[in-house]
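My request is simple: use the sequences and hints to build the entire structure.
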Amino acid sequence: MSTTRKRVYGYLAEFPSASALYKAAEKVRDAGFRKWDCHTPYPVHGLDGAMGMKRSILPWFVFFGGMLGTCTGFGLAYITQVDIYPTVVQAKPANIFTVPAFFPIMFELTILFSGFTTLFGLLALMKLPRLNHPLFASRQFHRATDDAFFVAIEARDPKFSPDGTRQFLEDIGGKSIELVEEED
Amino acid sequence: MSKRIWQHPEASADDNTVSWRGVGQLEDTPAFRTWLDREFPQGVAEMSGEDDLETSRRSFLKLMGASTALAGFGMAACRRPESYIVPYNKAPEWVIPGKATYYASSMPRAAGATPLVVTTFEGRPTKLAANTLHPDASGTDAFAQASVLDLYSPSRSRTLLKQGKPGSRDELAVVFAELAADASAKVGFVFGRDVSPTRSRLVKELAAKFSAAKFYAYEAFEGSADKVLGNGVRQVADFSKADRILSLDCDFASLDPQGPTVPFFVRRRPEGKGYDKKADAASMNRLYAVESAFSMTGGMADHRLRVAPSQLLGVAAQVARKLGLNGLVSNVAPITDAKQLEWINAMADDLQASGGKSLVLAGSRLPEAVQALALAINDKLGNIGDDKPLRLVRTEAQDLGDLAQLQADLDGDVVETLFLLTPANPVFDAPADAEFAASLAKAKTVIHLGPRTDATALASTWHVPAAHYLESWSDARTSSGVYTVVQPMILPLYDACASELELLSALLSDDGKLLTGEGEEGKASPAYDAVKKTFEAIGGKGSEPWKKLLRDGFHASSTYETVAANVPSAPVAAVPEAKGYDVVFSTDASVFDGRWIDNAWLQEAPDPISKMTWDNAALIAPQTAKDMGIYDEIVALETWNSSTGPDGEGEHRTGPMIKVSVGGKELEIAVMISFGQAENTIVIPLGYGQGFDKEDEFDRGAKDTGTVGLVGVNTGFNAYPLRTAATSYFATGATVAKTGRRYPIACVQEHHAMYGRALAREISTIDSGDHKGDFEEQLHNVKKQGMDAHAPKNISLYKTEGKDGKPHLSDPLHQWGMTIDLSSCMGCNACLVACQSENNIPVVGKSQVARGREMHWIRMDRYYALPGGNQGEKENDKIFDPGNPALVPQPVACVQCESAPCETVCPVNATVHTEDGLNAMAYNRCIGTRYCANNCPYKARRFNFFDYNKRNPLVAHNLYRGPFGEKQVGEAPHLQRNPNVSVRMRGVMEKCTYCVQRLKDAKIRQKRGQKQEALAAGKPSTEMTVNTHTLRIPADSVRVACQEACPADAIVFGNLLDSDSTLRKIRSEDNQPVLERNYDLLQYIGTKPRTSYLARVKNPNEKMPDAAFIGKATIHMH
Amino acid sequence: MATATEHAPSPSRQGPKLPVLEREKLILNGRSYHWITERICGVLENRQPFLWWLLFIPSALIAMIGVGLGLTYLVSTGVGVWGMSNRSFWGWDITNFVFWIGIGHAGTLISAVLFLTRQNWRTSINRAAEAMTIFAVMCAGIFPAFHVGRVWMAWFLAPIPNANAIWQNFKSPLLWDVFAVSTYFTISLIFWYLGMVPDLATIRDRCKPGLRKMLYGIFAMGWRGGNRQWSHYEMAYLLLAALSTPLVLSVHSVVSFDFATSIVPGWHTTIFPPYFVAGAIFGGFAMVLTIMVPARTLYGLQDLITMKHIDNMAKIILLTGTIVGYAYLMELFVAYYSGAKYEMDAFKFRITGPYWWAYLAMMSCNVLSPQFFWFKACRENLWVVMAVAMCVNAGMWFERFVIIVGTLGRMFLPGDWKTYSPSWVEIALFVGTIGMFLALFLLFLRFLPCINIAEVKWTLRESDPHFDDHHDHPDHGAAVEPAYQHELHSKDAAEAKA
Amino acid sequence: MANFFPRWTNFLPLKIAVCAGAVAGGAVLAFTYYATPKTLDAGYQPSQPIPFSHKIHVDQLGLDCRYCHSFVDVSGHSNVPGNNTCWNCHQHVAKDSPKLQPLRNRMDPTLEHPDFGKPIEWVRIHKLADYVYFNHSAHVNRGISCQSCHGQINHMEVVYQENSLSMGWCLECHRAPEKHLRPLEEVFNLNYSDADVAKYSKDAGVKTTEDLGLKLKEHWQISPKTSCATCHH
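The listed protein sequences correspond, in order, to chains A, B, C and D.
Following my numbering, the numbering of the first sequence begins with 1 at its first residue and continues without gaps.
Following my numbering, the numbering of the second sequence begins with 1 at its first residue and continues without gaps.
Following my numbering, the numbering of the third sequence begins with 1 at its first residue and continues without gaps.
Following my numbering, the numbering of the fourth sequence begins with 1 at its first residue and continues without gaps.
Keep in mind the hints are simulated off the structure, nothing from the lab.
Since we're looking at a predicted model, the values are computed, not measured.
Glycine included, C-beta positions come from ideal geometry on N, C-alpha and C.
Keep in mind that a hint or two might mislead.
Unchecked claim - Label-pair restraints from in silico Cβ distances:
1) Cys19(D) - Lys127(A): 19 to 27 Å
2) Leu443(C) - Pro646(B): 21 to 29 Å
3) Pro81(B) - Thr72(A): 35 to 43 Å
4) Thr39(D) - Arg156(A): 51 to 59 Å
As the list claims (entries may be wrong) - Cross-link-like lysine-lysine pairs, in silico, BS3-like; alpha carbons within 30 Å at most:
5) Lys127(A) - Lys213(C)
6) Lys278(B) - Lys209(B)
7) Lys208(C) - Lys15(D)
8) Lys225(D) - Lys799(B)
9) Lys626(B) - Lys348(C)
10) Lys15(D) - Lys950(B)
11) Lys127(D) - Lys217(D)
12) Lys806(B) - Lys388(B)
13) Lys547(B) - Lys99(B)
14) Lys15(D) - Lys1007(B)
15) Lys793(B) - Lys208(C)
16) Lys1019(B) - Lys202(D)
17) Lys1019(B) - Lys15(D)
18) Lys127(D) - Lys1019(B)
19) Lys793(B) - Lys783(B)
20) Lys213(C) - Lys175(A)
21) Lys215(D) - Lys803(B)
22) Lys967(B) - Lys793(B)
23) Lys803(B) - Lys783(B)
24) Lys35(A) - Lys6(A)
25) Lys523(B) - Lys118(D)
26) Lys1007(B) - Lys202(D)
27) Lys513(B) - Lys162(B)
28) Lys127(A) - Lys15(D)
29) Lys99(B) - Lys127(D)
30) Lys611(B) - Lys348(C)
31) Lys513(B) - Lys165(B)
32) Lys799(B) - Lys217(D)
33) Lys127(D) - Lys967(B)
34) Lys118(D) - Lys806(B)
Below, the structure is given as C-alpha cells:
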C-alpha cells in the first residue's frame, strides 16, 4: 500500500454468511444509499429486493432483438424467394402461401438474434468487460468469488462520509472493513 | 465442369476447312494435320506414335505453363488471364462456328448397313442418329451408337506395323508396287460379310488383273446362309407383313438382324404406329420364341419355350412334321415330352392358320439342318416371295471362299500374299481346331487392315491402321439392298490410316501407289473416285444424282433382286443324342464377337439380359446351378425380405468359378445365374479375354500381349478356345467342375423381380378366366394395377402459381412430355449409349460400376416376373413352366416430375423447374449434397463421385489417387464431346434433362425462321404477325437422343400443348393419360411425372397350354 | 432450491402431522464453499493424473489422423473415397452427423430445460454436458460440411448478395439445417461461456499474476460478483435457458425434417420430430454418463456428482428409451396401417433385409438395455450404468444407420437396389471425430472448470439467505433424514423383521 | 493486492470492437465493390495484334456488323472474321499501313513470311464462363441489339467490355426486356435512339424506345425465361 494520496473508491465490509449479508443489505437500503453493491460468490436469491433493485430490463432488449430476427428471417426468405428470384420447386407456390416453409428459418433467426442481444445487452448492462477496477486492489476482495460476502459502499454516494459510513458498516455487522482506494 | 476451351468454335481451325464432306468442298481440302496440331495440341494429333505420347503431354503442360506465365506478366493480366480467339484463316464454306452440321452416311455391317445421320461440330463427328428418310431406317443399335467413340479411341491403331514393330510407309510402298506390277501374284483377299458394291466391283477388276487372285469372306459368327440359301443369297424379313412369327433361337430384334426391326415393334402396339387407332388385338403380331437363353427377342415373345440348343432341331422337326414335311425329318427323333409337344403342335397350328402371313426365323448361327428346316417350313407355309414376309435376295458378295478354303489355299501355297480386310480377328476368333494362326504363318506376306492392334494384326507381316468409316469413302447396302453411301466426316486422324477401298485401288493402279486420306494437292482419295464410278452405274451419271446421294445418303430405287427359294428336299442330318451339358457360345451384346472390346461405352453398357458390365460369365439356370453343386439352394428370383443374393451385392459381389471342359479343352470362368434359361445349358458369351496385364489375378491368359487397349484389358474370359468348326454355335457333352475361386462381378442390377410392385405393367389380349376380364377390361384397368388399385387420389393444398398469379409452368408454347411403350421396348442399350454420346456422360470403370456408380442417365431395369409372384409360391407349381418367367424391361431416366421431390430439398436452387416443364439441373450451381438424389423415387440422378472426366478411371486404382492420379488429357475421347453440353466436374449431380440443348436450339431456330419468313414478305418488323404457330416448334420435329436411337420406336417425345403431336394421342394437354395403356410410374406418391409408360401387351394364343400365364407379370399385384 | 420445500407447513394449518422427508442432499458430507472452490479448481490447477495423458495423447493422434488426413484425402480426391453409390447417396456421413448432433442435445437440454424446471441437481453436471454439446456439434458439423461434393462451393449455402443474383432455396430442409445447426452452436457457445464467467473469475482470483491470470482475466471480463451484475446475469441466464429450450427441440426436429419431409418410404413420417428429440435426449444423457462417471472417479468429485445425479440420469434414460421404443413400434404400426406397399416393405426390409443386424442392434441397445434401469440395484451399480450408457451410444448410432442406409438401399424400384458398405476413409473419419471429441473434452477438463462452481455453492443449504430464519422456526414435524436413506432404512428394517 | 490489469485496458475491448467492426465493414464494402464482375470484367480493354478500330470501320465507313461477324444471326456464336475477310479490302486499301503488317505477313504469299497462312490470335474480350450458353442468334433475331450488351462499339477506337456480363446483369434484361427491344431493322444500328421511334409507330403515345419496346414485347410475344436451363445445360 503506498502512502500517496489517492482517490477513495469506498468501503468494503465482509459479512459472515448469506443471511447476514441479506440482513445488512436491507439496512443499507433503508439507510438510503444508492451507490453500493453486495459481492457474493453465487447469486443470493432475494438480494435484489433486499437491495431495493428493480427487475432487469434485459428481457425488453431481447424481445426486440428477437423480433428483429423474425423479421430478418421472413424478409430474407420472402424477398429472395418471392420477390427477387422466385424458383419453381416441387410445384410449390412462389407467393405468400409459401411462407410456412420459411418458419424454421424465421424461428432460428429469432433465437439467434435473441441470443446475441442477450449477450451484448448483458455486457452493456453489467458494463463489462472492465478488467481494471478499484475493488481488485483490495487485499480480501479475491475471496468474493470464493466464499466471502461483501458489501461495498462507494464514495460517490451522496450519503457517504468517511467516518459515518465506516461506523454504519460496523453497526450492521460488517467485519474487516477496508477503505478501498483507486490506484495510480 | 467446363466445356473445354478448344471446343469453342472461336478457338477453332486455322487455315481452311477441316474435312471434306461433300463434293463442293473437295477443291478446298486443307492441310489437315497443321490444323490438328494447332487445334488439339494436347490431343491425338501429336500422338502419332506411342513414344510421343508421354512427351506430347509434357510439352503440352509446358506450353500451358508458358502461356499462363506470359499472361501473368502482361499488364492486361492484372485483371484476368488473356485468352484468344483464333478464327479461320480462310473461312471454309458451310462451316458456321458453333452450329452442328449434319451429313448422311452409313455404317457398313454384315447384316446390312445402318443408315445414319452424323452430327459434326466444326468437322468433328460427335453423334450418330438413324437416317429416318431411308427406307430401311430402323433406329440404331448400341453398336452403331458407340461406333463414333472408336474414331477417337485411345487404343485405336495409329501406326503402321511390320511384324508387330513400327514399320515404314516407304517399305510398304515397295510391297505394293511389287504386287501391282505382278499380274500373276498369288494374292488372296479376305473380306468381311458386309456388302459393298464398290468393293464387289473392284474385286472383279482385281480378278481380271491378278489371274491367281482368290477372294474369301470371313466373320467369326458367320452362318450357313450361303450353304442353305445359295451363293450370295440372303433372306430379308418384312415384319410388317408377318402376323405370326416363330423365332428358333433367332435374336432378330437385336443381335441377329434379319431385316428392319421397326415394323415388328410397331405391330406390337394394338393402337398402331401413331397410337391413333382403337386398341385392336387382331392388328398385333404374335411371336413364338424357342431358345436356350433369354435373348432380347425372346423377352418380347408372347410364347416362349426354353430348350437346350441341341433340342432345337427336334422342335423345328416337330413343326415340320406337323406341317406334313415328314420326309425332311425322318432322321430326327420325335419329341417325347408331352408338355413341349402340346406347345409345339398348338403353335404349328397357329402358323399354319396364318400361312403366307407367318414367318419362321432360325438363328443364323444355328446348324445347317435347322436353317434348312426353317426354309422348308417357310416355303410350305407360303411365306416366301416378293410381297410375302420373307424375301430371298441375291447380293453382290458372291463366290467368296470361306475360312476352310482359305486355310486350304494357304496350306497349299495357292495364296502367298494375303490381304486380311475382314473386321473379324481370325487369329483370335477362328475355330480353335482350325489352327488358323499356323496356316497364316505359311503365307509369305500378310497385310492386315484393322482398327486395333489385335492378335491378327500382330500375327501379320504388315498391319495397316484402318480408317474409321466416318473417315473414309465407301458404299454399302442395307439388308434389303438399298444402295447407301459411306462418306467421310473428317480426314483420318492419323497419317497411317487407310481404308479398304484405298488398298484395293492401290493394287489396281499401275504403280501400286497407296494413296490414303487425300490425294496429292488436295485431290480426292482414290476411294472417292471408285465409289463415284460405282454409283454412276447404279444411280446414273452427272452431278445431280451424286449430289442427291450425298445429301440423302442412299439411292432409293436400288434393291437386291429377289431369287426363288432353293428348298431342300433331302432329309436333314440328325444330331447325335446329347450327353452332359450343352455349351452355347453366344453373341455378346457388348463386344459382339470381340471387335468392340476396346469400346468403353459398350463395355460399360450392361448386358441387356444379365446386367453384367465389363465381363462375361457362364450363364446357368438356377436349377442346373444347384444340380451342379455350385449353390446349396436354388437361387431365388425374389426373396421375401429382399436379402442379398448368395453372391453378394454391389462391390462385394463375386461369382463362383467353375471349370468347363468340352471337347478336351478347359476354361475356368465365373458363373452367373440366368433366369429363364434352359436347364443343362451353359451360355458363354464370346469375345472377351483378349488380353491381360499385371492387374489380372486370375491367370486368364498371357499377359501384356499388346492385343488389347486399356479399355478391354483384363475383361472377361476367352471361350473361343473351346469352340471348334463343328461346334461353332454350341457344343454338347460338356462337364463342369467347381474350383472354389470367386471372381468379382460388376452388375448394375442386383434384384430381378418387382417384389409385388406393379412397375413394368403387362396385360394380355385374352381372358384367361382369372377374373381380370378380357382385353378391353384389362386395358381399362392398366392404371389400377398394383397399389394404384387402392391408393387414394393425390390432392395438393398448393396452387402452383407465382406471385403474379401466373401458373408455374407458364410457357404457353411448349410443355414437354415423353412416353415409353413397354410393348415395343425390348430393353437393348441403344438409348443408353445414345444418351451417353449426346450428353458427355463419362465412363467410370468396372470397380465403380460394382459400387453402383455408373453414370448412365438411363437405367435399363429388367424384371423377371412369374404370374404367381416370384417367391416360388404354390401357384407357380401350376403354371406351365416355373423356370421360364416373363421378362419385362423398363428404361428409367429422369421422368421430369411436375411436382419433383428433388427440387424442394436442394438448398442452393441448383435444380428447379423450367417454364416448359423440365426439371432443370444447373451443374455449376450444384454443391453436391446429394439430397436430391436420395429424394428421387426413381433414383434417376447420378453423382460425380470422382473427376471421371479428368482422371482416367480405367487405370487401376487411379481414381483413388486423387491429384496424383493419371490425367485423362490426351488419352480420352475428348473430341467426341458435345460442345453444347457442360462436361461435369467431380462433386456435382447430373441427370437427364430431355436433351434440353436440343430443345433450346430448336426453339431458337424456330424463332429465326419466323423472322426470316416475315422479313421476306417485305413487311416492317413491327408489323410481323407473331402467334403460337409461328413460335411453336412444329409437332414432333425435335427428337431427343434416346428417341432417335430406339430401334423399336418405343419412345414418343413431344409437346403436350401441340394437338398435332403424337404424344397428344397418349397424354392430354394437362399431362393426364389419354391412351388406356398409359400409366405413371409410382403414381401414388404424386410426383406427376412427364415421362409415363405404356403397359406391355402380350398377345397369346388361347389354344397354347401356357396361354393363361402370359401377360400376367403385374396383373395380380395389389 | 432444494431446501425451500422442506419448510414447515404454515403454522396456521392444523391437522395430523405428516412425515416430511428431506430431499437427498446434492452435495454430500457438508462441504463448505471454499471446499467446493478448492475441489473444482483443483482439477485444473493440479497436475493432471497420468491417465489424462494416457487418454489425451492417443485421442489427439486419432483425431489428427482420422479427421485431418481423412478430410484432406476426401477433399483432394472426391467423395468417391467414401462408400456411397448412385443408390445410397448418403451413408456413414449423415449417420455420424445425426449421431453427433443428437449427443449435442443433452448439454443444452440439461442446462436449459432442467434450469427452467428448477432441477437443481443439474448444477453438478451442466457445465460438462454443455462442453460436450459444443464438442459434439463441432464433430457433427464436419460431416455435413464435408460430405458435399464441392466443399469449396459450400459458400453457396450462405445468403450473400452476389453478382449472379441467385439465392438459396429456403424451402429446403438442408438449408434449415444450416441455419438450425449454426444457430444452435452459437447459442450453446454463448450459454456455455456466460455460465462460465463467474467461475473464470474465481480461477482468475486464485491465479498468481502471469499469463494464466491474464487469460482467465480476459475471459472473466472483470467479473466482480456484485449483485448488480448478478441480477442482470441471472436474467440473461434465464432468457438463454428459455431461448435454448425451444431451440434444442427445434434443432433435432429440423434434422429430422431432412428425412420426414422427403418422400422416401421409411423417412416420410410425421412421428420423426418427437422421436428424434426423444432419441437425442436419450443418447445425450447416455454420453453424459459415459463421460462423467469416469471423470468423477478420476478427479474425486463423488461429493459433487453423487449417486443421486447418476440415478436421475438413469431414470431419464429409461424414460426416453421407452419413448424411443414406442416410436419404433409406432413406425411399424403406421407403415402397416398405411396400406402402402412401399412403406410396409421399407420396414420389413429394415427388420429382415440385408441390414437386419443393425436393426437388431438398435432394438436391443436402445429399447432393451435401458430396461435394466427399472431396478435400483442397476442404477446404483456404476458398471451397469456404464454398460447401458455404452449400449445406448452404440444403439443410437445404429438407429441412424438403420434409418439412412437401411432405407436407401431398398427404395421404390427394385431395379436400383444395391447395398452400401463404408470405406476405410469413412470409418477413419468417424473414429477421428471420436478422438477429437475426447481430446477436446480432456482439454476442457484440463483448462476450464468442469463443474459450475457458483451454482453448486448455491445448492448448499446455507446459501439460502433465510437459512438462519429457518433455524429460528424449527419444524418439529420434519424428520431430518434424506428420503432416499429413509426408504433404505425402512427396507432394512423390514428385512430385519423378516 | 494490486490490479492485475492496468486501467487503460478498460476501454481496450471497446476500441478493439470498434476497430474490428470498421475493418470488417471496410472489407465487405471493398469486396462488394472490387470482387464483382462489374469491376473485374467491365472495362477490360486489351490491346490487339492489329489495332483494329471499330470507330473507323463502323462509324466512319458504315460497315454493317454482319460484314465481319457474319454468322451472328445464324449461330449461337458470333464469329470473328477470318483473315480473308480483312484481306478482301486490305489487299487494295491501306496497303502500306504498318499496323496491317501482321495481316500481310499471313495473307500475302509474296512476302514468304513464316506466319503465312496462320490465323491472327485476337485477344478475347467478352468471355462468359464455360457453362454459360449464350446464343447470339436468339437475341439479335428477336430485337436485341449488339449495343445492348457490347455498348457503343461504333464509337470505340479500341474495344472494351462495356457491361459486367454477370448473371445478375443478364437477368435484369430477361426480366424487363422492353428496355432493350427494338425493331429488327434497328438491331445493327448502333445509334438507335428515341428519334427513330416515330418511324415504327404512328401511335402518339409511343415516344421513347422503351415505349416501343413494350409494344414489341407484347406484339412479338417475347417472354424471356429466367429458369436455369435457359442458359445452363
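| Failing hints, ascending? | Hint check: 2, 6, 10, 12, 14, 15, 17, 18, 22, 23 and 34 fail, others pass.
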